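Asks: All residue numbers for the sequence shown refer to our numbering, where the first residue is 1 and numbers rise by one.
The set of hints was computed from the structure by calculation and includes no laboratory data. This structure is a prediction, so every number in the text was calculated from the model and none was measured. Note that beta-carbon positions come from the ideal geometry of N, C-alpha and C, so glycine has one too. Treat the hints with care, since some could be wrong.
Unchecked claim - DMTMM-like cross-link-like pairs, simulated, lysine to aspartate or glutamate; straight-line CA separation at most 20 Å:
#1 LYS110 with GLU62
#2 LYS610 with GLU653
#3 LYS648 with GLU38
#4 LYS891 with GLU881
#5 LYS370 with ASP413
#6 LYS214 with GLU186
#7 LYS830 with ASP847
#8 LYS924 with GLU983
#9 LYS960 with ASP906
#10 LYS565 with GLU515
#11 LYS666 with ASP708
#12 LYS459 with GLU434
#13 LYS253 with ASP217
#14 LYS971 with GLU1031
#15 LYS931 with GLU881
#16 LYS882 with ASP906
#17 LYS175 with ASP212
#18 LYS1131 with ASP1157
#19 LYS512 with GLU564
#20 LYS203 with ASP217
#21 LYS1156 with ASP1166
#22 LYS419 with ASP465
#23 LYS815 with ASP853
#24 LYS546 with GLU564
#25 LYS882 with GLU824
#26 LYS109 with GLU824
#27 LYS882 with ASP850
#28 LYS373 with GLU346
#29 LYS897 with GLU887
#30 LYS641 with ASP612
#31 LYS686 with ASP41
#32 LYS27 with GLU39
#33 LYS1177 with ASP1146
#34 LYS593 with ASP612
#35 LYS830 with ASP58
#36 LYS1177 with GLU1164
#37 LYS579 with GLU537
To be verified - What follows is a set of in silico ranges between Cβ atoms, one per label pair, in the way DEER data are often shown:
#38 GLU327 with ASN1167: 41 to 47 Å
#39 TYR269 with ASP1146: 41 to 47 Å
#40 SER285 with LYS519: 56 to 62 Å
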Amino acid sequence: MLDLRGNNLPKRQRELNYKVKEAIEKKVAFDIIKDKNEETDVDKLFKIDLASNYRNIDYIIEILKSGDSLCISRALKCVWLYEDVNSNIINTDYLNDNIFPYMSLKMKKKMLTAVSIHMKNEERMISFYNYCIKEKLTNIASKFLLLTSESFKLDAIKNGVNFNTIINEETEYVKHFFGNSFTLLEAYLQTLNKWNIGPFLLKVRYFYSVSDVKYLDLLESYVKVETKMKPEALGLRISKSIMKKHKDRVLNKPLLYLYILNQKLLIKYSSVQDAKLFAIALLPSSASVFWFENYRRTNKYILDIIPKNELYAFLKNIFTDAYPNEEFEMSVNFYNYGFYEMLTVEEKEQWALHHIENQQEILGHGEDYKWYKFVNFDKALEGIKRYIMVTTDMAKRGEIINILVESAKTQRDLEKLLKYFYERHVNENPSLKEQFLNTIIQNHNVFEFEEDCWNAFNKILYSMDIYSPSGYFYMTDFGLIVAIYSIVNQKPVPEQLKDVFYSRFNYLYTDKLTEEKRKMLYDYLLKLYIKKVEEFEDKNYDDDVKRSVRRYIYMVLCVMEIFEKSKKDCPELIMKYVKMDWQEFQNHRLFKKKVEIKDIQEYDLIQLLKKDAILLNAKFNDLKSTMNRSFTFRLNQLMRKLKIYFSKDIAKEFLSFFTNLLSDPKIGYLSIYTSVYCIVQLADEKFIVEFMCKYAPLEPKIDHQNIDRNLLYIREAICRFSCYSRPPVPLSNVLMYLKGDYVHYCLPMFNHYFAHLPRPLSLKFVEVVLNAPLSIQKHGLRLAFKSYSAGDLKKLVLSVWKKTKNVSLRLILYKCLFQKILNEEEVSQKELYKALKVLTSELRDDDHNDIFDLILSDQLPKSFRGDYLETAWTLVSKLREKGVNIERQAKVLRNIKTNITLMDRDFLMEYIVKPHIHEMLIEKKIRPSYKSREISERVKTKWELVAKFIVTIENEETSKTSIDLVTSIIKTCAEMWDEVHDERYTIRLFCTNFISSLRANSNAFFQNFKYVNCIFERVLFTILEVLPSQEIYLTIWDLWLVIITRKVCSKMECDENGLFKNIEYDKICDDYANEIGDLIVDLVNKEQFYRSFLPHIAQVVNNHISVFSCAIKECADMVRITICNNLTHFKLPEIYLLVLMLLPTDCPHAYFDTCKDTLQKIKEIDNNEIQSYLYQKFLREDFKRRKFV
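All chains, full assembly: derive it from the sequences and hints.
Replies: Take a look at the structure:
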């Protein structure tokens, strides 16, 4: 229909636009154009653009339903389509029923995004927002909010819609969404966790320009001081404004602002007093952290504001105040972390001498000599001499002497040191002398030594025979130093060392030279080597001469590199010989040309296409090279443009190029992948079908030993990339590769087709795959869960489940169905849950453990969970009695116990509780242990479930059932009280554990304490009635405390979450103490309080105080101390002893006064037993001083 002739991309695009304009001007009837045959993509675009200009909405809708992603994308650019006049079509109901069913998922998202960009009507945008939320397209839904009212945005935030992804990734979106509304901002902040609030507030720092006061108020309210954020996050402008206008805020909350203000501006606008305040605020919680984090280095930018002469005294003061009992300058950390660097020379000396005098040896045994490096040289020399006199180890003696090198600060000191060393240590081992001289060279600039100092240094060198040809290998370095010193100080080089420059040259020494002296040395060396080369000028340039000259040429080149010279600085004579011996020197760094291998990029090719398409033909060789080398080379955009605008010319040449490339036996797999990808992008349907048939595998198995590797790579690439063709490859051709070993390579195809195929084709693909062999079918099932409706999916799942016995396929079915339920709307969830219930009821014991693990998860909605667990128990209880099945039963029982409030009590009673009690107690199968670990665990879990069942009551009606049940259990136990198995009293053990289990399982439901208490009162009444109290004395105490705890707690109100509110702490603790005190007084009066049990009673009381403190949400130690203080009002010896046992040995600082008051009252009691116990516990246990005692 159209034949574009432009020689580049822009011209062809303009030509297409001209053709459209021409047709409009000639008023060509669209129906005439519409009926014409489409040969290329340009023809399709021409029709769409013409329809757009004619506002032919029927054709545009037809295109939207066509399934061609290129045409749909073009049609979506029709801005008029989104106007209110077309609201009868562009609305959620019409699109969902008439257009989206024909679109791919990708195109559906693209259309919704286009609608969000172009639509301006708020009512319509709200409708689309709700639709996207329903479809779980949250990111797209958020785009519809931009033009809605603040109140609607506020509702969206409060409804808990998760916009975090788009808000975190798109800064511009944030500005448009929140605008200047602090109301919206604060509402959104309340949805974030505390770790995300800080970074987000910094992201919306533009609010500072809206209202600096409000923004900083939010920052200070929501960002925790301990939350470390990105440094300097507020930038220069805001940091400057805060420091000038709101410095009082910075000083009030330094830890917040120090982390987010620009450091340079913070320093600029901070005074010395400010810096001191910041430094105090930055002190960590403990001295160990102070040293570990290297406080001085970490906060250097703040400490540098403080004058150096004040810094040490200031740091010492704040350290001592913050950590009273910790050493500062006398700590080894002060030395290890370099804090001494802030001391003056005089302060360092005093500090070091103090350490020497103390003889604490904090640096290690025998290491105090190291302090002398900070001491005046003359004092250090005298001190070091004493260490040397008593040190026999040569290596250690060398280390000690080297400290003097660091102590020496002037050439006078060095001269003294060198003379001392010569007089006292000249006969030491050569290695010690070498180490000594190397230390001097490293710490001082020997090339700047004055005459006397150099002579002293040189004297030691003479003792080492460096002027003798028989010296050790290390002598060359020292000889080199002498030679360099002579050159740069304009002295003659000693005759014995003139050849030192012909051996090797150590460039490290030149770093200590000034620029002037470096030039002197460079000129000398160049002159020296050139003079040597000149000696060969008159000689015949044969191989022997060539080899000799090379030596000196390399020396010159080495010196040039050391002194950072370039090729242009190379002397003419040297360059002459380099050219004569070019093969030898051509690869030297000074002469080698830097050749950059630049891979051609897609951008470069597109630029050529925009300039002149014919230029691309000259790039085939470059393209081939790049394809062979690059793992990341892509031509997506270029191929699309070629197929659309150059399908009749350049595209065919590229198609031929890639096709021929596949025939090259030397091609690599990277080129094969790129070639196949480009072929499926460029070719039409006929070519792709023939191409896929040509390489289609005949056998499902790959013969890796004999198959041609390139053929395998081509097939693999076809499997991976055939899904990218447009139009899609016929399914019959796809199935040629969906078999056997090739399925693995086709995995990317499944998800791609699901997202990119038009929905009718996508469903057809899923249907075909579902009818394929098992290895392919399981992938089809995963796609079916993404694309089928709830009703169709239910039928499919049940059909496949009944047909298959394959464990792997059953696992996929179950897991996918389970996950699908979690992601669906409530109506669909109910439909799919029916299928899940069927699957659960038909599980076999050989099914995968992952299925049974899913049963144990609490992911299902609460409305299904109880029924689901009933189904699960009905199943597992009927499985064969073997180890793995018994474990599964125990796990289901534990999950039932966890979710007991969601369970049907009648079901539990009939199918678990009653049968278990009957089996254990009526049939007398109860034992201390059972024949296997699994059975023991199951029995234990069932009894825990029974206990949980009894104490989980919400009203008086359910409490009656529980009371009857627990009464019958205890009375039955009484009848079997003397039962013995394996030499153990079975029922006595069980009864004790069961009552403990009742208590433990009742601790969580605070709101039910008033109902639970009647159960424990009945338990107490029953055991006192039917069991001998002397055998269960502590159990009775446990029950008394259970009843007291729940009685006191039941007086408080509960909120909607079942937690106590409006707690009057002092009153509630006083009530608790009074209940315990009254109980003890009553027992003492009845002579039923046995003091020998006091340690055990104290432990029971302690346990219940922990439960009580948890219920009122207070620290257990605080509650314990408060109750103990209140108990002392009873003035009873037994209670005083109990109080002493309950009090913590080490009192927290916050409760110091209460502890002291409690113990003071006890000290006033004239009772030796009590006083002895007090001093034993608080003093003699560890003899630690406690100020509250």
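Asks: Hint by hint, note whether the structure agrees.
Replies: The hints, checked one at a time:
no.	hint	verdict
1	LYS110 with GLU62	holds (17 Å)
2	LYS610 with GLU653	holds (17 Å)
3	LYS648 with GLU38	holds (13 Å)
4	LYS891 with GLU881	holds (15 Å)
5	LYS370 with ASP413	holds (18 Å)
6	LYS214 with GLU186	holds (11 Å)
7	LYS830 with ASP847	violated (25 Å)
8	LYS924 with GLU983	holds (16 Å)
9	LYS960 with ASP906	holds (14 Å)
10	LYS565 with GLU515	holds (14 Å)
11	LYS666 with ASP708	holds (12 Å)
12	LYS459 with GLU434	holds (13 Å)
13	LYS253 with ASP217	holds (12 Å)
14	LYS971 with GLU1031	holds (16 Å)
15	LYS931 with GLU881	holds (13 Å)
16	LYS882 with ASP906	violated (28 Å)
17	LYS175 with ASP212	holds (16 Å)
18	LYS1131 with ASP1157	holds (14 Å)
19	LYS512 with GLU564	holds (15 Å)
20	LYS203 with ASP217	holds (16 Å)
21	LYS1156 with ASP1166	holds (18 Å)
22	LYS419 with ASP465	holds (18 Å)
23	LYS815 with ASP853	holds (10 Å)
24	LYS546 with GLU564	violated (26 Å)
25	LYS882 with GLU824	violated (37 Å)
26	LYS109 with GLU824	holds (19 Å)
27	LYS882 with ASP850	holds (18 Å)
28	LYS373 with GLU346	holds (13 Å)
29	LYS897 with GLU887	holds (15 Å)
30	LYS641 with ASP612	holds (14 Å)
31	LYS686 with ASP41	holds (16 Å)
32	LYS27 with GLU39	violated (23 Å)
33	LYS1177 with ASP1146	holds (11 Å)
34	LYS593 with ASP612	violated (33 Å)
35	LYS830 with ASP58	violated (39 Å)
36	LYS1177 with GLU1164	holds (17 Å)
37	LYS579 with GLU537	holds (15 Å)
38	GLU327 with ASN1167: 41 to 47 Å	holds (44 Å)
39	TYR269 with ASP1146: 41 to 47 Å	holds (46 Å)
40	SER285 with LYS519: 56 to 62 Å	holds (57 Å)
Violated hints, in rising order: 7, 16, 24, 25, 32, 34 and 35; the structure is consistent with all others.
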